[in-house]
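The chain contents come next:
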Amino acid sequence: MTDGSHTPPPERDEALEAVLGNLLRTGVIVAAAVVGAGGVYLLIGRGGWIPDFRSFQNGGSPLRSVPLILRGAFALRADAIVQTGLLLLIATPVLRVVFSLFGFAHKRDWLYVALTLIVLCILAVGLSGVQTWNAFK
Amino acid sequence: MSYIVLSSLLFAGSLLAGLLGALTGLGGGVVIIPLMTLAFGIDIRYAIGASLISVIATSSGAAAAYVREGYTNIRIGMFLEVATTLGALGGAALAGVLSTGVIAVVFGLVLISSAFQSLRASHDVSGALQPDGAALRLGLNGTYPLGGRRQPYNVTGVAPGFGLMIIAGGLSGLLGIGSGAVKVIAMDRIMRIPFKVSTTTSNFMIGVTAAASAGIYIARGYIVPELAMPVMLGVLAGSLFGSRLLVAVRTTFLRKLFAFVVFALASEMIFNGITGKI
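So the protein lines, in turn, are chains A and B.
By our numbering, the letter at position 115 of the first sequence is numbered 197, and the numbering carries on one by one without gaps.
By our numbering, the letter at position 99 of the second sequence is numbered 737, and the numbering carries on one by one without gaps.
It is possible that part of the hints are untrue.
Said to hold, decoys possible - From the structure, some residues in chain B lie toward chain A, with a derived Cβ separation under 7 Å:
| id | residue |
| --- | --- |
| 1 | G795 |
| 2 | I805 |
| 3 | F833 |
Said to hold, decoys possible - Mimicking DMTMM-like on lysine to aspartate or glutamate, the simulated pairs with C-alpha atoms at most 25 Å apart in a straight line are:
| id | chain 1 | residue 1 | chain 2 | residue 2 |
| --- | --- | --- | --- | --- |
| 4 | B | K834 | A | D95 |
| 5 | A | K189 | A | D95 |
| 6 | B | K834 | B | E906 |
| 7 | A | K189 | B | D770 |
| 8 | B | K834 | A | E99 |
| 9 | B | K834 | B | E707 |
| 10 | A | K189 | A | D134 |
| 11 | B | K915 | A | D134 |
| 12 | B | K834 | A | E96 |
| 13 | B | K894 | B | E906 |
| 14 | A | K189 | A | E96 |
| 15 | A | K189 | B | E906 |
To be verified - With beta-carbon atoms standing in for the labels, derived distance ranges:
| id | chain 1 | residue 1 | chain 2 | residue 2 | range |
| --- | --- | --- | --- | --- | --- |
| 16 | B | G734 | A | G130 | 55 to 61 Å |
| 17 | A | L199 | B | M639 | 46 to 52 Å |
| 18 | A | V207 | B | G801 | 26 to 32 Å |
| 19 | A | L193 | B | R758 | 45 to 51 Å |
Rather than coming from a laboratory, the hints here were simulated on the basis of the structure.
Quick reminder that beta carbons are idealized off the backbone N, C-alpha and C, glycines included.
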């Protein structure tokens, strides 16, 4: 039970760590900026609105699919701009997984390429829920 | 209450929640959901949606710094993300089926266990472990910065750790929280990952785990831009400020106080869930 029991750990990939760190930071900053800009616009336009979020009776947010959100944002609707910022935020960790895939492939670490692909497939199922859930209604 | 007042109050509350969440390590989500449901009477599904968004923002922001400092074990993170994202899909699916009262009770119980977890001291017992077969094959062992050099560590309990992470992901997808408490049990106690590595790696995984269920939440209309906006910006600003303060403030007293607040909020969530007020 000495230090000798340690097998040499896999080499640390500082280049990949730097890329992933920068990606996460940039993604959060961009998403927060878009949400903030949309938020100011939202407050100017609808500050006096009396909302009712007490129940789910009215069926929740209508902005529930990617094409709908983007169309609204291009039409400069404040709530759609905020929702676009939220989509960018959700995309940030997903992009991080995509970049990890490149990193593992570059090192020819095929086991981790496979594991990363599995995670991407699971993410795709969840994110495509955006479309499929609406198709069932 | 007009929207400008509601969003200002939500922003202020989220700022405080993010600050306390960062200082105590419990995360902002554990206070955001009770705040929105108990104080503002907002439907718990909207609260969970807004909290899920704030969880992605804070974890990604914090992970950016930790990854560069070399604490995060990207391989452990990637491997366990298979478990947490799978669990998150299950949890998000469950959230559409269970009644709001049941969700409130589960939330309260998870909150109470989180509060207890946060009060327990962390024991760093790794470093004296024999290499584990599964951990070796998966290349999970690593090194982390300790006193100017990199300290190697071995990981154990891969299968039970993986199983528990499915549950952690499920709670995250169901309740819109990072479910740090379950992750700590899986990574610290079972896999015996050094404390600093397990907290930063758990943080690294939270964003991806939440993203897996966020698509389903958007599709159901649970993520309302009007509510998510002040909550996300508030929690993000509060946690950034909190992580700066962390080095300067003694957190023992704060941790106890926050655990007590969380315990009280959890009890009220459970009571309201059982009596059908949520």
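Results for each hint:
1. Because the smallest distance between the Cβ of B:G795 and any Cβ of chain A comes to about 17 Å, over 7 Å, the interface hint for this residue is violated.
2. Restraint check, B:I805 versus chain A: the minimum CB separation of about 16 Å is more than 7 Å; hint violated.
3. Interface restraint check for B:F833: the shortest CB-CB distance to chain A comes to about 18 Å, outside 7 Å, so the restraint is violated.
4. Between B:K834 and A:D95, the direct Cα distance comes to roughly 18 Å. Compliance with the 25 Å bound is thereby established for this hinted pair.
5. Of the supplied pair hints, the one linking A:K189 and A:D95 holds, its CA atoms being roughly 9 Å apart against a limit of 25 Å.
6. Between B:K834 and B:E906, the direct Cα distance comes to roughly 33 Å. Violation of the 25 Å bound is thereby established for this hinted pair.
7. This hinted pair checks out: A:K189 and B:D770 have alpha carbons roughly 23 Å apart, not beyond 25 Å.
8. For the hint linking B:K834 to A:E99, the alpha-carbon distance of about 17 Å falls within 25 Å, and the restraint holds.
9. Of the supplied pair hints, the one linking B:K834 and B:E707 holds, its CA atoms being roughly 11 Å apart against a limit of 25 Å.
10. Distance check on the hinted pair: A:K189 and A:D134 sit about 53 Å apart at the alpha-carbon level, beyond 25 Å; violated.
11. For the given pair, B:K915 sits about 17 Å from A:D134 by alpha-carbon distance, which is consistent with the 25 Å threshold.
12. Of the pairs offered as hints, the one joining B:K834 and A:E96 holds, with about 18 Å between alpha carbons and a cut-off of 25 Å not exceeded.
13. Proposed proximity of B:K894 and B:E906 is supported: the alpha carbons are some 19 Å apart, at most 25 Å.
14. With a C-alpha separation of about 13 Å, the suggested pairing of A:K189 with A:E96 holds against the 25 Å cut-off.
15. Taking the CA atoms of A:K189 and B:E906, the gap is near 51 Å; set against the 25 Å cutoff, the hint is violated.
16. Taking the beta carbon of each, B:G734 and A:G130 are about 33 Å apart, not inside 55 to 61 Å as hinted.
17. A hinted range of 46 to 52 Å for the beta carbons of A:L199 and B:M639 is consistent with their spacing of about 48 Å.
18. A:V207 and B:G801 have their C-beta atoms about 20 Å apart, which leaves the hinted 26 to 32 Å range violated.
19. Taking 45 to 51 Å as the suggested C-beta distance range, the pair A:L193 and B:R758 does not conform, at roughly 35 Å.
Hints 1, 2, 3, 6, 10, 15, 16, 18, 19, counting from the list given before, are not met by this structure.
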